[in-house]
Amino acid sequence: MSENRAMLTTAERLPTYGLPVLVFALAIAAWEALVRINDIPPYILPAPSLVGQTIFTDWGVLSASLWITLKITFSAILMAIAGGGALAILFAQSKWIERSFFPFAVILQVTPIIAIAPLLLVYLEPNTAVLACAFIVAFFPILSNTALGLASADHNLLDLFQLYGASRWQQLVYLRLPSALPYFLGGARIGGGLALIGAIAAELAAGTAGQATGLAFRIVEAGYRLNIPRMFAALVLISLAGIVIFLFFSALSWALLNRWHESARGREG
Amino acid sequence: MAAPVVTLHDIRKSFTNGTLALDRLNLNVGEGEFLTFLGPSGCGKSTALRLIAGLIEPTSGAVDWRDGARPEVGFVFQEPTLMPWANVFDNVFLPLRLRGVPKSNARGQIEEALSLVGLKDFANAYPRELSGGMKMRVSIARALVLKPGLLLLDEPFAALDEITRLKLNDDVLRIKAELGTTVIFVTHSVYESVYLSSRVVVFAARPGRIIAALDINAPMPRTECLRLSQDYADQCRQASAALQRAIELGGDAIGAHR
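Residue numbers (my numbering), protein chains in the order written: chain V, -5 to 263; chain A, 34 to 291.
These are calculated hints, taken from the structure and not from any lab test. This one's a predicted model, so the numbers in the text were calculated from it and none came from an experiment. Even glycine gets a Cβ: it sits at the ideal position worked out from N, Cα and C. Errors might be hidden in some of the hints.
Cross-link-like lysine to any residue pairs, in silico, SDA-like; alpha carbons within 25 Å at most [said to hold, decoys possible]: (1) Lys89(V) / Ile89(A); (2) Lys136(A) / Lys89(V); (3) Lys136(A) / Asp100(A); (4) Lys89(V) / Asn50(A).
Taking CB as the label site, the calculated pair distances span [stated by the list, open to error]: (5) Asn252(V) / Gly165(A): 48 to 56 Å; (6) Leu259(A) / Glu256(V): 35 to 43 Å; (7) Asp203(A) / Asn252(V): 47 to 55 Å; (8) Glu281(A) / Gln156(V): 34 to 42 Å; (9) Pro106(V) / Lys136(A): 49 to 57 Å.
One-sided excerpt, in silico: chain A residues whose CB lies under 8 Å from chain V [what the hints assert, rightly or not]: (10) Ala86; (11) Leu88; (12) Val106; (13) Phe108; (14) Phe110; (15) Glu112; (16) Thr114; (17) Pro117; (18) Trp118; (19) Phe122; (20) Arg130; (21) Leu131; (22) Lys136; (23) Leu163; (24) Arg278.
Using the sequences and the hints given, assemble the complete structure.
Have a look at this one:
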């Protein structure tokens, strides 16, 4: 069926890929036209062309901030994957461990990160505090999804493993972990997006007080200076970062699941 | 009959919800027998099979093995129960892998098991690329790969279409003849039970118990000719009458959805 997909003609592809691109381009063009026709000054609403130009001219400042935000976000995602995954495996070992520690995870999750950030900024260095915030929000979806996945192993397969005298370790490695993989990847995709949100929220809370110079800080700074085009430029870069993270995890899911899991396959398969 | 491979003594099994799944179950399973448990839903025939497999323990009574310990057992579930993330080869490899056999040493046994079920050319296919009947064959190959002394099949073909089911019935008989394994087969189909078995025991529900045992006297190998014979029709009628009695004894077990 992958051949079928490859054999799609250009005419069939156009609505799938061409239409969204076209509509998006039209929306940008409308924005551009609106600004030009009404002669809206850039400090109220910059035209997309000016935003693009600002990204180019301010690239030195913006790229340094983008790098910092991305570094923190990806560190947080990696930590959340390691921590959430490991804790889910620990929970799967015993109901008692799960019951004892799950409330802590829930409390961390339900308390809005923007409310925790100022406290963390008191205790930690600004960069570390931002990292901690991003980690906390990314951690929970990975933990809860992986825990659900580990508990979702087919009962007949569990019987089969028992029949052949499998050890707990074998059961984990050959049955529970593969069963949990689609759930884990779903959690990682959500957690990845949240990590960026957490990092930005914490940077905003850190504000000008810290020496943090991530993209959110640039937005605050540009706001004080009424440099609206740069605010937009920073915003575009944040959006792009979020899209890249989303695409990365979607591609990872597809690569790991396309041979066997329904979520990664077309209906005609 | 030679010394029984396994003997069930006065087995009683009640579940925590209070259901008495089996009551005073006594049964001998002879070496090389093809034994079928026939009965309506909820009569405890699957429970009896799981007890023999060691997946559950009896509440009271004992399961005694001829050699003092359970021999290698192969189990086929109602569903194919394959690991969807692993290809056919790795699915059949599973029992060997759990026994610590390295893949390089297992290749021969896996290919042999796949040939037995006619799937030698599908080793690299993934379960979702296979039909229902083929998945069930993989499941059977997996159960055979350790060369079990006892093969247990729990309504394996109930979800398959008639044509596939008849074909798989013949395959099970062929495999049984080739390997000489003792087989216990659970079904609620009278025709299937008579066609396959050397002996049929009929279960009734509430509480789960054996109410009849029938020796099936038809020569092996069995073929399509048997299905058309008067002899087969007569034995099916007997088995059917026993099943009817089981249904009446079990009260509304048929109406109860399980």
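Tested hints:
Distance restraint check for Lys89(V) and Ile89(A): the Cα-Cα separation of roughly 21 Å lies within the 25 Å cut-off, and the hinted pair is therefore satisfied. The suggested pairing of Lys136(A) with Lys89(V) is violated, with an alpha-carbon distance near 34 Å, which exceeds 25 Å. A C-alpha spacing of about 30 Å is found between Lys136(A) and Asp100(A), which places the hinted pair above 25 Å, so the restraint is violated. For the hint pairing Lys89(V) with Asn50(A), the CA-to-CA distance comes to about 22 Å; that is within 25 Å, so the pair holds.
Checked against the hint of 48 to 56 Å, the pair Asn252(V) and Gly165(A) fails, with Cβ atoms roughly 22 Å apart. As the Cβ distance of Leu259(A) to Glu256(V) is approximately 41 Å, the hint placing it in 35 to 43 Å holds. Distance hint check: the CB atoms of Asp203(A) and Asn252(V) are about 36 Å apart, inconsistent with the given range 47 to 55 Å. Take Glu281(A) and Gln156(V): their Cβ atoms lie about 36 Å apart, and the range 34 to 42 Å holds.
Between Pro106(V) and Lys136(A), the C-beta spacing of about 50 Å keeps the proposed range 49 to 57 Å intact. The beta carbon of Ala86(A) is positioned within 8 Å of a beta carbon in chain V (closest approach about 6 Å), and the interface hint is therefore held. Restraint check, Leu88(A) versus chain V: the minimum CB separation of about 5 Å is within 8 Å; hint holds. At its closest, the beta carbon of Val106(A) sits 7 Å from a beta carbon of chain V; the interface hint therefore holds under the 8 Å criterion.
Taken as an interface hint, Phe108(A) checks out: its beta carbon lies about 6 Å from the nearest beta carbon of chain V, inside 8 Å. Contact between Phe110(A) and chain V, as hinted, is supported at the beta carbon level, the nearest pair being about 5 Å apart and thus within 8 Å. The beta carbon of Glu112(A) is positioned within 8 Å of a beta carbon in chain V (closest approach about 6 Å), and the interface hint is therefore held. Because the closest C-beta pair between Thr114(A) and chain V is about 4 Å apart, less than 8 Å, the hint holds.
Look at Pro117(A): its Cβ gets to within about 5 Å of chain V, closer than 8 Å, so that hint holds up. Hint status for Trp118(A): holds, given a least beta-carbon distance of 5 Å to chain V, under 8 Å. The closest approach between the C-beta of Phe122(A) and any C-beta of chain V is roughly 13 Å, which is over the 8 Å cut-off, so the hint fails. Annotation: interface hint on Arg130(A) holds; nearest CB of chain V at approximately 7 Å, less than 8 Å.
For Leu131(A), the shortest C-beta to C-beta distance to chain V is roughly 4 Å, which falls under 8 Å, so the interface hint holds. A distance limit of 8 Å between C-beta atoms decides the matter here; for Lys136(A) the minimum to chain V is near 13 Å, and the interface restraint is violated. Against a cut-off of 8 Å between C-beta atoms, the interface hint on Leu163(A) is violated, since the closest Cβ of chain V lies about 12 Å away. For Arg278(A), the interface hint is violated, since its Cβ never comes within 8 Å of a Cβ in chain V; the closest pair sits about 32 Å apart.
In terms of the numbered hints stated before, the structure departs from hints 2, 3, 5, 7, 19, 22, 23, 24, listed from lowest to highest.
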